[in-house]
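Chains as they are written, first to last, in the numbering used here: chain X, 1 to 613; chain R, 1001 to 1293.
Treat the hints as calculated values from the structure; they're not laboratory data.
Just so you know, even glycine gets a beta-carbon here, dropped at the ideal spot from N, CA and C.
Warning: the hint list may mix true and false statements.
[Said to hold, decoys possible] Calculated pairs, DSS-like style, for lysine-lysine (alpha carbon to alpha carbon, straight line, at most 30 Å): (1) X:Lys316 x X:Lys22; (2) R:Lys1044 x X:Lys316; (3) R:Lys1087 x X:Lys316.
[Said to hold, decoys possible] Quick list of the computed label-pair ranges, beta carbon to beta carbon: (4) X:Glu387 x R:Asp1175: 15 to 25 Å; (5) R:Arg1136 x X:Glu235: 52 to 62 Å; (6) R:Glu1092 x X:Lys351: 22 to 32 Å.
[As the list claims (entries may be wrong)] Residues from chain X that keep clear of chain R, each with C-beta distances beyond 10 Å, as calculated: (7) Asn115; (8) Thr118; (9) Glu189; (10) Ser203; (11) Gln244; (12) Asp254; (13) Glu289; (14) Asp350; (15) Asp399; (16) Phe416; (17) Gly510.
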Amino acid sequence: MRNFEKMDTCNRESVSADQLKKMNIVIVGHVDHGKSTVIGRLLADTNSLPKGKLEAVRELCRRTAKPFEYAFLLDALKDERSQGITIDTARCFFQTQKRKYIIIDAPGHIEFLKNMITGASRAQAALLVIDAHEGIRENSLRHGYMLAMLGIKQIAVLVNKLDLIEPSRRREVYENIKSEYERFLEKIELRPASFIPVSAAESYNISSKCPQMPWYGGPTVLEALDAFEEEPEPEGLPFRMWVQDVYKFTAGGDERRIVAGTVSSGVLREGAEIMFMPSGKKTFVKSIEVFNEPPKSCVRAGYAAGFCMAEQIYAKRGELVTLIGETPPSTGTCVKASVFWLGKEPFIPDKNYRLKIGSAQVSCRLDEVLSVLNASTLENESRGSVERNEVARCVLRFDRPLAFDLAGGAPDTSRFVIVDGYEIAGGGIITSIPEGDTLSEKLVRRNIKWIKSDVSTQERERYYRQKAQLVVISGHADTDKKGIARCLERQLLDAGRTAYYLGIGNLLYGVDSDIKSDSSMHNMQERREHIRRLGELSNIMLDAGNILIVTASELAVPELELLRQIIQTENIITVWVGDVSRQPPGYDACVHAGGADTASEIFRMIEAGQLEI
Amino acid sequence: MTHLEYLENKSIHILREAYNRFGSLCMLWSIGKDSTVMLALARKAFFGHVPFPLIHIDTHYKIPEMILYRDKLAREWNLDMIYGENKKALDEKLTFPDGKASRLECCRNLKTLALKYTLSGEWPRYRMDHATGSYRIDGNKEPFTGVIVGIRADEEGSRSKERYFSPRDVNNDWDVADQPPEFWGQYKTDFKPGTHIRIHPLLDWTELDVWEYIRQENIPVVDLYFNRGDGKRYRSLGCWPCTFPVESDAKNLDEVIEELKTGKFSDIAERSGRAQDKEDGGGLEELRKDGYM
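Please take these sequences and the hints and turn them into a complete structure.
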């Protein structure tokens, strides 16, 4: 184990100067426009081929009376000759004096768009190849469009196979393709770093300038690659980190409860006040946790981090950690987004999908297709669903609130994927939010406006010699939840605890009197509002330091979730009274109906997590 | 952020994602340098803990130092250590050293099948009892649905086509031609019953990255990787009848890293000392389609 001093590693000056030595480049373009030949030539010209490979492939071609092609080299490296087309992305390696390159060969066949996207999403820059002879084809456009959507901004366009064009016409052919393609890229706000007239087969302008094309004064492909820059970390963005998990490993007496996740943008410092979104719960960062590396007082974008909180609030996977005082994220249950679809089945309304953004996951429906983009013409068409390989603007609706940023914010908080069944079937970027109020916005506002007392939670715990705790007792209507609750309240008081029993019935004709009477509990919307108010009242009682017992019939998982969202502590015990076989998921325990013994059982559960009196 | 920091943090993110998404998760530990780096990364990801079992497929032809090193580290790092084997093939001597199988058949018997049935729980799993240091048959026969594997894309052709989260079907097969899309740090974590997912946190690492990280983090490795006086060292470790060392003077980490940087091995495959890769042409890709790592 190493020994370290605590360091502040988040000042720009202390960032290591050991900058990028490797870069991922993706090669895209229409099928047969010569991507593999470009890679073969790059490998050969930079002496990156295994010894004897070039000779072996030349020899094989001689024996089989085939003209030698540089693309064969790549095939020989990849064992992918059967169909003569690239099926999946593969990585090749070469090196210039400036840096090492990992070149990702993406398939040009429309059928393999999902593989092209997989490859391209790993790249920092792209080479887009267009056949001078064939000109701009559908996938030249589609791939350009996908690069823009994936957020790859550094692009060089290679007008290839110029050796097949008569020397006198080369310049004209190149200029025509350049201006036509530029017009297209302008529409999607993409400005390529360079257009390069090349012949990969003859090595024109790949590694050295081509004397046959003196009219071209720009960089060679290798020069264009070396001129690309590592994408700088987005600066000026607020702190964002998705909660990936919350760890409480007990082995070896480890008492820490660590919130883990990778920082998407910004900086988190020890002592900072944070807010979890969309729950709106607030606390302070007690410590940044590390293992086998120097202790840190801060973490910044790109790091897989972990921290402990000053208070034990209930935080869970899928929440977004933000900093109080910085721009908050958006929250809501409905968004407008640009979506590309890869699924075998079309993207249709009235079907349940799952949307994953960062570590959050919600049930999602396609509410409306605003427009479908024709990739060849860039015209918008109106249609009710989105077919495979299409790009569309859509309205999406979720089953519960989500925190996110709009396009232009941190990529990890504005980009999502859609899962259909077991498969990732689409991806998209959130562009705006339709209007509307949601629970999470209410909670955020409540927490921001909350008037804090001078007495801290810890002081209150010491005073009452107990932790505030919520005990939820639920079960079928015919079970005696109230009897158990009364008995439990008595046992707790006898043991010296400050406890209070609150049945949901105590609210119906007072706090809830503006909602319709008891019978309306069957109306989902109204039932949810009853439970929201129960949660808000519980939140106040817990803040006051009580052990609060509440009873309510047949609370389902989303209703328990709602309660957990509203209260700001994770000291909650949920008990189902009755038959274990009829118990909904999500409860901590199941007890059989029956007076004092049942109450004692719950009493022991409470005491297990309590402070010594 | 340095290149090694970038790799480290991406791998940790993947390990945490795997731990969260898979209820029945394990990590394959071949005792080699790559999977040992992965184990060290897991300790970082989980702040000193390794919250899932480590699986070693014991062919009983491993170089003896490897097993000693495995059990030593398992005790020191308090690892939940499990090994599996193909008992029937070993009993019936259906192996290459016994002359009853080709190299490829031997690999299939002792590794691929042993792995398949250890993961599914159909064959016994032997679990380390930390109180005594010996192994006992484990009562848990639940199949593993998430399997963390330390392969790297630069090792050879078929591995360069892998995903970070790569599905295997009911028969453990890998469909290279129809892999799931993977972008924006979103992985395939949903799967049909009976299938499982291979998780590859080291996909972007190179051989040199691995050695530089071992040096930076002070990770213990078997000294078979170093020249111990005979002018030879192993670049890749496997069963002794099919694994051959390379000519090398590199006696320690610094020298191994220097040797790799000189480009001495740039045109020799890392696994060239692994004889099974060469049988029947694309030996490894064939093995991998069947479930080999």
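Structure-based check of all given hints:
For the hint linking Lys316 of chain X to Lys22 of chain X, the alpha-carbon distance of about 36 Å lies beyond 30 Å, and the restraint is violated. Of the supplied pair hints, the one linking Lys1044 of chain R and Lys316 of chain X holds, its CA atoms being roughly 21 Å apart against a limit of 30 Å. Note on Lys1087 of chain R and Lys316 of chain X: the hinted pairing is violated, with a Cα-Cα distance of about 44 Å set against a maximum of 30 Å. For the pair Glu387 of chain X and Asp1175 of chain R, the beta carbons lie near 24 Å from each other, so the given range of 15 to 25 Å is met.
Distance hint for Arg1136 of chain R and Glu235 of chain X: a CB-CB separation of about 56 Å, consistent with the stated range 52 to 62 Å. Distance hint check for Glu1092 of chain R and Lys351 of chain X: the Cβ-Cβ separation is about 53 Å, which falls outside the suggested range of 22 to 32 Å. Distance to chain R contradicts Asn115 of chain X as a non-interface residue, since its nearest Cβ pair spans about 7 Å, not more than 10 Å. Separation of Thr118 of chain X from chain R is inadequate, the least Cβ-Cβ distance of about 5 Å not exceeding the 10 Å criterion.
Remark: the non-interface label on Glu189 of chain X is consistent with the geometry, its nearest Cβ contact in chain R lying 20 Å away (cut-off 10 Å). Look at Ser203 of chain X: its CB is around 22 Å from the nearest CB on chain R, clear of 10 Å, so calling it non-interface holds up. Non-interface status of Gln244 of chain X relative to chain R is broken: a Cβ of that chain comes within 10 Å, the nearest being about 5 Å off. Under the 10 Å C-beta cut-off, the non-interface status given to Asp254 of chain X relative to chain R is violated; the minimum distance is some 7 Å.
Taking the minimum C-beta to C-beta distance to chain R, about 6 Å, the non-interface status of Glu289 of chain X is violated against the 10 Å cut. Residue placement check: Asp350 of chain X keeps its beta carbon more than 10 Å from all beta carbons of chain R (closest about 21 Å). For Asp399 of chain X, the condition that its CB be more than 10 Å from all CB atoms of chain R holds, with the nearest at approximately 17 Å. Phe416 of chain X, annotated as away from the interface, has a beta carbon of chain R within 10 Å; the closest lies near 8 Å.
Residue-level check passed: Gly510 of chain X sits 42 Å from the nearest beta carbon of chain R, beyond 10 Å.
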